[in-house]
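Chemist: So the sequences go chain by chain: V and G. Once you know that position 3 of the first sequence is 3 in the numbering used here, the rest is easy, because the numbers rise by one and skip nothing. Once you know that position 40 of the second sequence is 40 in the numbering used here, the rest is easy, because the numbers rise by one and skip nothing.
Derived by calculation from the structure, the hints in this document are not laboratory data. This structure is a prediction, so every number in the text was calculated from the model and none was measured. Take these hints with a grain of salt, some might be off.
[What the hints assert, rightly or not] Derived lysine-lysine pairs resembling DSSO-like cross-links, with alpha carbons at most 27 Å apart: (1) K83/G with K108/V; (2) K2/V with K57/G; (3) K42/V with K83/G; (4) K57/G with K42/V; (5) K9/G with K42/V; (6) K9/G with K70/G; (7) K14/G with K2/V.
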Amino acid sequence: RKEVEQDPGPFNVPEGATVAFNCTYSNSASQSFFWYRQDCRKEPKLLMSVYSSGNEDGRFTAQLNRASQYISLLIRDSKLSDSATYLCVVRRASNDMRFGAGTRLTVKP
Amino acid sequence: DGGITQSPKYLFRKEGQNVTLSCEQNLNHDAMYWYRQDPGQGLRLIYYSQIVNDFQKGDIAEGYSVSREKKESFPLTVTSAQKNPTAFYLCASSTQGADTQYFGPGTRLTVL
């Protein structure tokens, strides 16, 4: 079993739709949680950190459930420019980041 | 502009040849990392370095070597011992103890 698991998708949604991605992690000692965005053939870029209380950044909302070891990302009012692969990332220790394989999103006109 | 650079963007090598991938950062970050990304898989850590002249193996270090002679530079050598070297290689850096890692643009290595 992979330490960080994500549904690979692809998720194909129309512009303006709301879409949610989920991620589960297996190591209960994990300390920090993130969503990264990766465009095709490019490097990953930090989208947002994920906090236990949940956090929002514009159209993006991230939530963490430590008891269920589950992380989510909600995108509201999808734009064409949101098309990318979204990586769930979990930090176990200072230099130990574990990456999910990513969920691919395509937003269509 | 501050950032991480990797060169070249695309690299082709014949089987059996060693190849060195460059990674340079001017962010004054202490820690640097090398990852490998294969289709359908998450990034996997090859090596990391927390300070000059020191580095540690990651999960898949076999067939790779690194050096950290300068804070700004962390080159990765893919040796002929690496069985499946064709992949997308990503370098990252962070401040010591920081949560966030910043990535370079990557080098796509193809071994023919």
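Chemist: For a C-alpha distance cap of 27 Å, please report whether K2/V and K57/G respect it.
Modeler: The given pair, whose Cα atoms are some 20 Å apart, holds under the 27 Å limit.
Chemist: Given the hint that K83/G pairs with K108/V, test it: the Cα-Cα distance must not exceed 27 Å.
Modeler: Violated. K83/G to K108/V sits at ~40 Å, over the 27 Å cutoff.
Chemist: Are K14/G and K2/V close enough, with their CA atoms no more than 27 Å apart?
Modeler: Roughly 32 Å between the alpha carbons, so the hint for K14/G and K2/V is violated.
Chemist: Keeping to a limit of 27 Å between CA atoms, is the pair of K9/G and K42/V held or broken?
Modeler: 10 Å, holds
Chemist: Going straight from one Cα to the other, do K57/G and K42/V come out at no more than 27 Å?
Modeler: Since the Cα atoms of K57/G and K42/V sit roughly 25 Å apart, the hinted pair holds (cutoff 27 Å).
Chemist: Against the 27 Å threshold, does the CA-CA distance of K9/G and K70/G hold or violate the hint?
Modeler: 22 Å, holds
Chemist: Does the alpha-carbon distance linking K42/V and K83/G stay inside the 27 Å limit?
Modeler: Distance ~24 Å between K42/V and K83/G Cα, so the pair holds.
In summary, the numbered hints that this structure violates are 1 and 7.
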